[in-house]
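Protein chains in written order, with our numbering: chain A, 28 to 318; chain B, 28 to 318; chain C, 28 to 318.
A portion of the hints provided could be inaccurate.
Where chains are identical, the list cannot tell them apart; a pair therefore holds if satisfied intra-copy or between any two copies.
Okay, derived cross-link-like pairs now, SDA-like style, lysine to any residue, Cα gap no bigger than 25 Å in a straight line [said to hold, decoys possible]:
{"id": "1", "residue 1": "288", "residue 2": "211"}
{"id": "2", "residue 1": "288", "residue 2": "235"}
{"id": "3", "residue 1": "288", "residue 2": "57"}
{"id": "4", "residue 1": "285", "residue 2": "71"}
{"id": "5", "residue 1": "285", "residue 2": "301"}
{"id": "6", "residue 1": "30", "residue 2": "229"}
The set of hints was computed from the structure by calculation and includes no laboratory data.
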Amino acid sequence: MSKPKILLQIDSDAQPSVFDSVVAVDAGVEHLLRHGGVAPHDVAPLVHGTIFTRGGNDLRSTAIFVGGSRMAEGETLLAAVTRAFFGPMRVSVMLDSNGANTTAAAATLAVARHVDLASTRSLVLGATGPVGRRVARLLARAGGEVRVGSRSEERAREVCDDVAAHVSGARLAAVATGSAAELAAALKHCQVVVAAGAAGVELLAAEQRRACDTLRVAVDLNAVPPTGLGGVDVMDRGRMDGQIACYGAIGVGGTKMKIHKAALRRLFETNDAVLDAEEIFALAQSMATDN
Amino acid sequence: MSKPKILLQIDSDAQPSVFDSVVAVDAGVEHLLRHGGVAPHDVAPLVHGTIFTRGGNDLRSTAIFVGGSRMAEGETLLAAVTRAFFGPMRVSVMLDSNGANTTAAAATLAVARHVDLASTRSLVLGATGPVGRRVARLLARAGGEVRVGSRSEERAREVCDDVAAHVSGARLAAVATGSAAELAAALKHCQVVVAAGAAGVELLAAEQRRACDTLRVAVDLNAVPPTGLGGVDVMDRGRMDGQIACYGAIGVGGTKMKIHKAALRRLFETNDAVLDAEEIFALAQSMATDN
Amino acid sequence: MSKPKILLQIDSDAQPSVFDSVVAVDAGVEHLLRHGGVAPHDVAPLVHGTIFTRGGNDLRSTAIFVGGSRMAEGETLLAAVTRAFFGPMRVSVMLDSNGANTTAAAATLAVARHVDLASTRSLVLGATGPVGRRVARLLARAGGEVRVGSRSEERAREVCDDVAAHVSGARLAAVATGSAAELAAALKHCQVVVAAGAAGVELLAAEQRRACDTLRVAVDLNAVPPTGLGGVDVMDRGRMDGQIACYGAIGVGGTKMKIHKAALRRLFETNDAVLDAEEIFALAQSMATDN
Numbered sequence: 028m029s030k031p032k033i034l035l036q037i038d039s040d041a042q043p044s045v046f047d048s049v050v051a052v053d054a055g056v057e058h059l060l061r062h063g064g065v066a067p068h069d070v071a072p073l074v075h076g077t078i079f080t081r082g083g084n085d086l087r088s089t090a091i092f093v094g095g096s097r098m099a100e101g102e103t104l105l106a107a108v109t110r111a112f113f114g115p116m117r118v119s120v121m122l123d124s125n126g127a128n129t130t131a132a133a134a135t136l137a138v139a140r141h142v143d144l145a146s147t148r149s150l151v152l153g154a155t156g157p158v159g160r161r162v163a164r165l166l167a168r169a170g171g172e173v174r175v176g177s178r179s180e181e182r183a184r185e186v187c188d189d190v191a192a193h194v195s196g197a198r199l200a201a202v203a204t205g206s207a208a209e210l211a212a213a214l215k216h217c218q219v220v221v222a223a224g225a226a227g228v229e230l231l232a233a234e235q236r237r238a239c240d241t242l243r244v245a246v247d248l249n250a251v252p253p254t255g256l257g258g259v260d261v262m263d264r265g266r267m268d269g270q271i272a273c274y275g276a277i278g279v280g281g282t283k284m285k286i287h288k289a290a291l292r293r294l295f296e297t298n299d300a301v302l303d304a305e306e307i308f309a310l311a312q313s314m315a316t317d318n
Numbered sequence: 028m029s030k031p032k033i034l035l036q037i038d039s040d041a042q043p044s045v046f047d048s049v050v051a052v053d054a055g056v057e058h059l060l061r062h063g064g065v066a067p068h069d070v071a072p073l074v075h076g077t078i079f080t081r082g083g084n085d086l087r088s089t090a091i092f093v094g095g096s097r098m099a100e101g102e103t104l105l106a107a108v109t110r111a112f113f114g115p116m117r118v119s120v121m122l123d124s125n126g127a128n129t130t131a132a133a134a135t136l137a138v139a140r141h142v143d144l145a146s147t148r149s150l151v152l153g154a155t156g157p158v159g160r161r162v163a164r165l166l167a168r169a170g171g172e173v174r175v176g177s178r179s180e181e182r183a184r185e186v187c188d189d190v191a192a193h194v195s196g197a198r199l200a201a202v203a204t205g206s207a208a209e210l211a212a213a214l215k216h217c218q219v220v221v222a223a224g225a226a227g228v229e230l231l232a233a234e235q236r237r238a239c240d241t242l243r244v245a246v247d248l249n250a251v252p253p254t255g256l257g258g259v260d261v262m263d264r265g266r267m268d269g270q271i272a273c274y275g276a277i278g279v280g281g282t283k284m285k286i287h288k289a290a291l292r293r294l295f296e297t298n299d300a301v302l303d304a305e306e307i308f309a310l311a312q313s314m315a316t317d318n
Numbered sequence: 028m029s030k031p032k033i034l035l036q037i038d039s040d041a042q043p044s045v046f047d048s049v050v051a052v053d054a055g056v057e058h059l060l061r062h063g064g065v066a067p068h069d070v071a072p073l074v075h076g077t078i079f080t081r082g083g084n085d086l087r088s089t090a091i092f093v094g095g096s097r098m099a100e101g102e103t104l105l106a107a108v109t110r111a112f113f114g115p116m117r118v119s120v121m122l123d124s125n126g127a128n129t130t131a132a133a134a135t136l137a138v139a140r141h142v143d144l145a146s147t148r149s150l151v152l153g154a155t156g157p158v159g160r161r162v163a164r165l166l167a168r169a170g171g172e173v174r175v176g177s178r179s180e181e182r183a184r185e186v187c188d189d190v191a192a193h194v195s196g197a198r199l200a201a202v203a204t205g206s207a208a209e210l211a212a213a214l215k216h217c218q219v220v221v222a223a224g225a226a227g228v229e230l231l232a233a234e235q236r237r238a239c240d241t242l243r244v245a246v247d248l249n250a251v252p253p254t255g256l257g258g259v260d261v262m263d264r265g266r267m268d269g270q271i272a273c274y275g276a277i278g279v280g281g282t283k284m285k286i287h288k289a290a291l292r293r294l295f296e297t298n299d300a301v302l303d304a305e306e307i308f309a310l311a312q313s314m315a316t317d318n
């Protein structure tokens with residue numbers, strides 16, 4: 028009989044995420060060990076507690092979740108976790124700070140229902156945030172051409188550098204999207220637009236979106252009205268607006284939750300998984316027939 | 028099948044209450060998410076984690092408990108919790124900082140066994156503390172006349188204002204109770220005296236209590252000898268001392284514990300309960316035949 | 028039916044030990060109440076939450092574990108725990124900061140398989156650390172003669188004073204072990220050597236160990252190569268090297284884990300156990316036939 032499922036929750040925020048804990052319980056975790064305010068130097072002893080307590084097959088009954096509101100800190104913590112393993116003495120771990128990996132996977136999955144990712148040209152608006160970066164990374168990884176949008180072209184270029192560091196051969200372009208003229212240029216010839224900006228800020232008006240005749244998919248990830256893409260409703264889940272399939276934050280959120288739980292369950296299948304953006308998206312694709 | 032019962036414990040103290048956690052487990056909570064040192068600005072993301080993770084009927088399988096040693100901070104946290112809800116996106120919540128609501132409900136229930144609350148004149152000694160304030164509030168809400176006692180009449184008046192803000196039409200009087208003469212005047216014509224003062228301080232001598240011929244109930248909430256009311260034993264649970272029914276802290280404590288557990292169980296019956304003093308006392312009354 | 032098993036984990040480190048939590052789950056604990064950064068003045072309310080919530084036989088379904096990386100702080104916390112009890116209102120508690128009590132019990136048990144502790148002369152190297160102090164204390168308690176070794180004779184003497192304060196009539200000698208000549212003198216006529224020094228530091232070379240013809244047992248508690256005792260492998264578990272039975276850190280670690288779990292289970296059998304070095308070693312001896 029296998030040991031009780033224990034999840035070590037490592038969170039960069041002072042108060043560890045309740046959201047992540049509730050999802051973990053609903054994915055079958057039996058004991059949560061929740062740690063808030065975790066700094067990189069705290070990580071090794073926490074991880075050692077997971078790998079030196081259960082042996083052999085029982086190692087897969089312990090896993091680690093790295094979260095918090097800041098993805099850069101989460102990435103540093105994930106690196107500290109994997110450094111603390113000793114060869115086969117390891118447990119599975121996933122990173123989902125700010126929900127960015129599971130949200131980006133759900134958004135990219137929505138896009139993939141309508142176009143072939145490898146041959147698609149996409150525009151990501153609000154791409155400098157954690158979710159936007161992850162969406163750009165997944166779209167680039169799939170082989171498409173990605174326009175990384177920000178009001179500041181300099182910040183957009185920084186995101187391109189970050190994505191290129193993870194995806195060799197990525198086809199990326201930094202685009203300024205502050206004005207209507209810049210937006211029109213950025214959107215030209217795109218099949219896909221994804222908005223991942225701040226809550227309550229419209230990044231693209233409905234008329235301008237509809238005026239782009241190559242557009243086939245519009246995904247908005249902002250749950251607080253007004254939505255980031257004019258004319259897209261938070262509940263949209265593939266609703267056709269002319270020839271554009273529309274997705275809103277709540278429409279994508281259901282899929283995000285399924286991916287989040289599937290990733291948590293995956294952690295307990297082996298003791299060697301490291302689930303970051305790409306691995307979580309691959310998992311999402313493998314379960315896509317259910318969504 | 029319903030989801031596992033999760034209780035988010037929000038505590039104003041740096042180390043969250045073990046007492047509240049043990050009672051929660053014994054009331055059937057399956058997963059505790061314990062947060063200490065919670066400030067009002069921490070509350071919204073914690074609450075969002077409870078309302079954005081489970082939908083529909085499953086919302087009632089998550090609930091929130093607000094505790095800690097300081098009731099004023101607990102009240103502020105409770106307000107922050109209810110502000111963080113979005114319409115029907117809410118879970119049930121109870122406030123019991125310092126155990127004040129459940130203790131005051133148990134004390135008031137003891138009083139109600141012997142007199143008609145609506146037509147009773149009561150004196151609350153040590154009324155400036157968290158439990159005393161809640162007792163005064165419950166007795167006033169039931170329609171009785173309440174004398175709010177403190178060594179400082181000014182502080183007593185502040186409590187009256189606080190109670191009046193919660194109970195419209197409350198019949199309250201601030202009384203100084205520092206000297207024997209003041210105490211005698213304060214006690215005159217009262218049927219009920221409740222002592223909710225600091226541990227180990229006698230507020231009213233046995234002789235003076237027995238000398239008040241209108242008195243029918245005496246409740247002392249101090250568990251550390253000497254008791255607050257002379258001649259009342261911590262174990263008393265309705266023992267008659269002449270014509271006065273006496274209750275001590277432990278005698279009341281058993282009822283308090285039942286009320287505390289019943290309130291916790293109540294949280295998981297619907298997703299919209301907000302349990303403060305009055306709601307917890309109403310619950311206590313509905314289960315009074317068991318006590 | 029008994030109540031769910033609750034363990035209050037009091038840890039002196041800011042992030043409470045994951046190691047101790049996982050072992051607790053595997054020993055059958057159903058709910059962990061984990062507290063990090065606990066100072067002595069925090070202890071009383073935490074303990075009161077364990078003793079004022081469940082009555083009678085149910086008190087034995089709650090227990091306390093004191094841990095953290097610093098044994099001196101753990102000892103202070105344990106003292107604060109026992110002070111917070113009220114006569115029979117108490118729960119069982121164990122101290123195992125740094126794993127020192129369970130590791131020392133496992134090391135001493137290994138020694139006892141090969142020699143009669145009461146008539147043995149032992150040298151403890153690296154005796155100033157938490158594990159070394161506990162090993163010296165257990166060997167002295169069993170009646171043997173113990174040489175307490177450190178590079179600094181003054182620090183060794185301080186450890187002797189500490190052990191003597193716990194073990195009346197202890198036969199102790201402080202020895203300097205910084206040079207090969209000092210080591211040779213310290214080892215002379217010893218049947219036992221135990222190394223409890225810092226990770227990755229060889230305290231005694233293989234040749235010098237083998238050159239001691241009275242030696243029968245060598246126990247090394249350092250899991251990071253090079254081991255503290257030259258020629259002893261971390262996996263050794265009674266392997267004979269000439270006439271010397273050798274034990275390495277992992278070889279001892281399996282027994283340590285069994286003792287740790289047995290001590291945790293013992294907590295829930297009565298409500299009055301206080302398990303420090305001696306009690307944990309006695310428990311280890313009673314289960315020794317399994318090891």
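Tested hints:
{"no.": "1", "hint": "288 x 211", "verdict": "neither (38 Å within a copy, 61 Å between copies)"}
{"no.": "2", "hint": "288 x 235", "verdict": "neither (37 Å within a copy, 58 Å between copies)"}
{"no.": "3", "hint": "288 x 57", "verdict": "both (14 Å within a copy, 19 Å between copies)"}
{"no.": "4", "hint": "285 x 71", "verdict": "between (30 Å within a copy, 24 Å between copies)"}
{"no.": "5", "hint": "285 x 301", "verdict": "within (18 Å within a copy, 31 Å between copies)"}
{"no.": "6", "hint": "30 x 229", "verdict": "neither (49 Å within a copy, 37 Å between copies)"}
Violation of the numbered hints given earlier is confined to hints 1, 2 and 6; the remaining hints are satisfied by the structure.
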